[in-house]
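The task is simple: from the sequences and hints, build the whole structure.
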Amino acid sequence: MNFFYFSSPSTFFRLAGRLAPAFFILAAVLAAAGLYVGLVQAPTDAVQGEVYRVIFIHVPAAWMSMFIYFVMACYGAMALTFNSRLSAMMARALAPTGAMFTFVALWTGAFWGRPTWGTYWVWDARITSELVLLFLYLGFIALSNAFEEPRRGDRAASLLSIIGIVNLPIIYFSVQWWNTLHQGSSIKLTGSSMHVTMLTAMLLMTFAAWMYAIAASLVRVRSVILERERRARWVRDLGRT
Amino acid sequence: MSGLAWAFSRDLTLAWRHPGEAMLTLAFFVLVASLFPLGIGADPQLLARVGPGVIWVCALLAAFLGLPSLFASDHADGTLEQMALSADPIAAWVSGKIAAHWLSTGLPLTLLSPLLGLQYGLPADALVTLGAALLLGTPVLSLLGAACAALTLGARGGGMLLALLALPLFVPVLVFGAGAAEATAAGLSASPHLSLLGAGLLVAAVSVPFAVGSAIRIALD
Amino acid sequence: MSGLAWAFSRDLTLAWRHPGEAMLTLAFFVLVASLFPLGIGADPQLLARVGPGVIWVCALLAAFLGLPSLFASDHADGTLEQMALSADPIAAWVSGKIAAHWLSTGLPLTLLSPLLGLQYGLPADALVTLGAALLLGTPVLSLLGAACAALTLGARGGGMLLALLALPLFVPVLVFGAGAAEATAAGLSASPHLSLLGAGLLVAAVSVPFAVGSAIRIALD
Amino acid sequence: MNEARLAVRSLAATRGPATLFRELSFELAAGEIAAVRGPNGSGKTTLLRCVAGLTRPDHGEIQRSGALLFSGHLPGIKDDFNAEENLCVALRMRGLQPGEAAIHGALARVGLESRRRVPARRLSAGQRRRITLARLALDDAKLWILDEPLAALDADGEAVLGQLLARHLESGGLALVATHHDLPLARAAREIRLQP
Amino acid sequence: MNEARLAVRSLAATRGPATLFRELSFELAAGEIAAVRGPNGSGKTTLLRCVAGLTRPDHGEIQRSGALLFSGHLPGIKDDFNAEENLCVALRMRGLQPGEAAIHGALARVGLESRRRVPARRLSAGQRRRITLARLALDDAKLWILDEPLAALDADGEAVLGQLLARHLESGGLALVATHHDLPLARAAREIRLQP
Ligand code: HEM
Ligand SMILES: Nc1ncnc2c1ncn2[C@@H]1O[C@H](COP(=O)(O)OP(=O)(O)OP(=O)(O)O)[C@@H](O)[C@H]1O
Ligand SMILES: Nc1ncnc2c1ncn2[C@@H]1O[C@H](COP(=O)(O)OP(=O)(O)OP(=O)(O)O)[C@@H](O)[C@H]1O
Ligand SMILES: [Mg+2]
Ligand SMILES: [Mg+2]
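In order, the protein sequences belong to chains A, B, C, D and E.
Here the first sequence is numbered in my numbering, starting from 988 and rising by one per residue.
Here the second sequence is numbered in my numbering, starting from 49 and rising by one per residue.
Here the third sequence is numbered in my numbering, starting from 49 and rising by one per residue.
Here the fourth sequence is numbered in my numbering, starting from 2 and rising by one per residue.
Here the fifth sequence is numbered in my numbering, starting from 2 and rising by one per residue.
Treat the hints as calculated values from the structure; they're not laboratory data.
As the structure is a computational prediction, the values presented were derived from the model and not from experiment.
Backbone N, C-alpha and C fix where the C-beta goes; we use that ideal spot for every residue, glycine too.
The reader is advised that the hints may include incorrect statements.
[Stated by the list, open to error] Listed next, with one range per pair, are the computed distances between beta-carbon atoms:
no., chain 1, residue 1, chain 2, residue 2, range
1, C, T61, A, R1218, 26 to 36 Å
2, D, S26, B, R265, 52 to 62 Å
3, D, E171, E, D183, 24 to 34 Å
4, B, Q93, A, E1214, 53 to 63 Å
5, C, S243, A, E1037, 46 to 56 Å
6, C, T61, D, S26, 40 to 50 Å
[To be verified] Stretches of chain E that chain D covers, calculated by requiring three or more beta carbons in the stretch to come under 8 Å of a beta carbon on chain D:
no., stretch
7, 29–42
8, 121–135
9, 155–162
Structural data, given as structure tokens:
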């Protein structure tokens, strides 16, 4: 099978149309399971009481915010090196979802900080660098829409996403590099300090978020393709049939 | 290398024609740095604590102020086209321009920082760390800033878009620079932070001119 | 007054050519404000003390940011000539331009300042003082900044002198603005500082447009 | 009604060490056009800017009555605005507020109707100039001061300018035009020669 | 020695919704000059920028050999530099470092000797153009790409350009010139017509 078969926008448009609902359903099922385990089965925390359950949204969102940026930068690099239009469109389609997860991580973190730390906001290294990540996303979106020629926006924004990737290690390692208020990693490959049901719920929610991210970006990339190729024959044929 | 040389000398001459702009950056730096004691009171211990951080943030902002004009006027009057067509590789003269930019904003600022540090009552070792960190960090700021300036050429957002792009990228530099000062204050060695900054400078100096070059090609298209 | 109206709406349209751009100003403000804690550490007490100073610095920066483009691009592309020949008095449309500049830099910043103050952990009364001081102070910054920008247009090369001339103009605003915050923090009334700022605003609003007008006439000659 | 007229008396201007012109006097009555001619650097632009009131002459007197429209080497067009917006803004500066139909008509007349919505940075050099022509079509100023209006225009653009000038003069307008080329007018224009 | 030549094959460029040109092919050998003609907005500037390598065409191929000199609508002149400095910088960009005498001579040739030290912002429109002419006099590039080189020039300036072009062609150079006016050359140039 030709590897580049799906990299033609028209084929990918149809493929994405078929895949997106499947991922949405998967995300819904996983989220329902995760919420059930997290909200019903997981025990109440000895120190924090019920409020700790924010973790089941907070941590998956925080992980996804970084992961999506990484994927976006990879697409950006592909767009620049292979000059492939579809990669640039994928990067563009991922950015709003990434920004959304970043915002959710910030919001739930602030919401959580009130009962635990006694304040909505601290200028802690991790929290601040997560805020910076939000601005990187916003910068990407703003730059990709700042030109009349969409191609220019694609190329400029791809370049930006690659340059901006230096921020990721800083967010991730910030808890190790500085002693901060925010807690460090509790999930390690070798044994975890967390209750098993909590871990299960968190992983379920993470996969749900992942599936949702894929589904959402597939839907968005479809509309980007449509807008970009509106003068192409196959799009006009779509309208006719 | 000749591209680096002519672009460097040209931009430096131009900057010298308008010393006002470079002075504005410096003046801004000094103004902001000296406003802080006014704003937060003259408690020496407090000042010594916030000193390096304030100086770093001022350096960041000062480096940012000169960015919009780095390529914009050359773009508007057609010089950028001529440069892009020159026989020298684009990365060479871009490096020259960036070097000139650093020399007219970053360097004066670095040279001035010990003086400001003294005003904040920093001890001698902290002054040395601060100066060294700025010497390594400000070129990185110029390099990253140039990349953002090139990316936003001809874009609709103007200066604000540039800020949105550049300031997040500046953050790592700020974090390591301020980290070096903090380490010294805590009696630890600043060299891990400084070597990270140095490594960052090397990587940026080698890779950014090419990124800027392709951004400019994109802008001229 | 029609000159004020068209210049105002034109500059506002230009500034907000893109709907998302209004947000960029705010993004920029938040970014700069979050740089400081990164630089000086996250101690809440320390932050509460430096908060008003930081916010004032941001105000100054926002006033600076728009200045180079306030008249320069209109000068370079000939729009300034057309404006100078318009039937409306020069002070009127200059006021319009300055008002638009304030509305797109100073005002969003003033509106956002309480939120940022909250993040810095300022008490409620300090927030009110800060907002009031910014509301009075940022237009003065825009006015004085415009005067400097117009003067730099006319005097080529001698910009250094003008930058130095402009600084003493900016410092009082900062001093009274930061002073108001300090007074509140010390439990005193901030109103002497605020009324001084208000008086400054009145004087500047009445006189600066004329000064800017004649500076522009000189620049066009 | 007061008739438009322009009178210039013993005007002199110096730039650096050189005197560009001196003892220059001329008069234009309603319906008259004068072409300012001279080699590069002889002071045509300077003369026009003096008459418009942008530059102060070293000596001499200028009497104008009626509104004035100046179009110089720099077209005063914003790259971020499209043709329509640029035209609107330029007219509002002069205190005019023509309706949408008038704007549309003027742009169609100068051949820009299909490019109305393209931002000016994407327009060709001649199309940018044509925005200025559209401005001439809508402005009611009695005195036109044009500095090289033919620059960047093709034959068709020149013809449009010629028609605009002819209509302006017929309706009692005045025009002072600096140019290196022949004006696209049936009748001959008065000449004002500047020596280098 | 390798002879300079330029070959363009089935070039196409689209801007916005409009196709400016397509299937455009031509070839220039040493000593040949081609004039690109067409109404405003027909794509002359776009074609020249494609040939120079500044803009990527949608389709087609361009083969050039030898160095290239491009002079577009924007003259690339810094207001803060004077004529001498502007000329020096432009030449250094091309890798040339002519002596003081050569610079002086070229400026004298285009009639700028008395204005050598005046900052470019004070020069007249034509004098700024003449700096570009002086550049042509000193550059040894084989392929000249000129976009409306006659703009703002008076008769004398046109004559100087004509001499420069003639010398360039005699020495085996190539030139591609977009213009609305006749070129000041004795021999006729090849024409490349663009439809609107
Ligand atoms: C606005 C504020 C906050 C932000 C921006 C934020 C950001 C983040 C990020 C980026 C991560 C993922 C990093 C990683 O897994 O290594 C994370 C994980 C986590 N956060 Fe937060 N957070 C905030 C507030 C809070 C608060 C208030 C708490 C609880 C007291 C909290 C508890 C956690 C926990 C337990 C994890 C999981 C760590 C792990 O197991 O790896 N966060 N947060
Ligand atoms: N985004 C766009 N949408 C529509 N048209 C566009 C767009 N961008 C460019 N154009 C058109 O492309 C053409 C570019 O032409 P170009 O500058 O090459 O013309 P030219 O032949 O040099 O004209 P002139 O004689 O005026 O210099 C113009 O007609 C312009 O309006
Ligand atoms: N400071 C100065 N020193 C010497 N000469 C100066 C100075 N400032 C201006 N000039 C000269 O004044 C003249 C201004 O001429 P102006 O722009 O009016 O010419 P013009 O007739 O419009 O020319 P063009 O046909 O090129 O547009 C130029 O010759 C310029 O060199
Ligand atoms: Mg002139
Ligand atoms: Mg053209």
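Inset, instruction - Determine whether the Cβ-Cβ distance between B:Q93 and A:E1214 falls within the hinted range of 53 to 63 Å. - result: Given about 59 Å between the Cβ atoms, the range holds.
Inset, instruction - Go check the stretch 155–162 of chain E versus chain D for me, would you? Three or more residues, Cβ under 8 Å, otherwise it fails. - result: holds (count 4)
Inset, instruction - Could you check the hint for me, namely that C:T61 and A:R1218 are 26 to 36 Å apart, CB to CB? - result: holds (29 Å)
Legend entry - Coverage criterion applied to the stretch 121–135 of chain E (partner chain D; beta-carbon cut 8 Å; 3 residues): Since three or more residues must qualify, the claim that chain D covers the stretch 121–135 of chain E holds, with 8 doing so at under 8 Å.
Legend entry - Distance restraint hint 40 to 50 Å, applied to the beta-carbon atoms of C:T61 and D:S26: holds (44 Å)
Legend entry - Whether chain D covers the stretch 29–42 of chain E (at least 3 residues having a Cβ closer than 8 Å to its Cβ atoms): Coverage by chain D holds for the stretch 29–42 of chain E (4 residues, Cβ < 8 Å).
Legend entry - E:D183 and D:E171 - C-beta distance against the hinted 24 to 34 Å: Holds: the Cβ-Cβ distance is about 31 Å, inside 24 to 34 Å.
Inset, instruction - Hint says 46 to 56 Å; check whether the CB-CB distance for C:S243 and A:E1037 agrees. - result: holds (51 Å)
Inset, instruction - Could you tell me whether the CB distance from D:S26 to B:R265 stays inside 52 to 62 Å? - result: holds (55 Å)
When the structure is compared with the earlier hints, no violation turns up for any of them.
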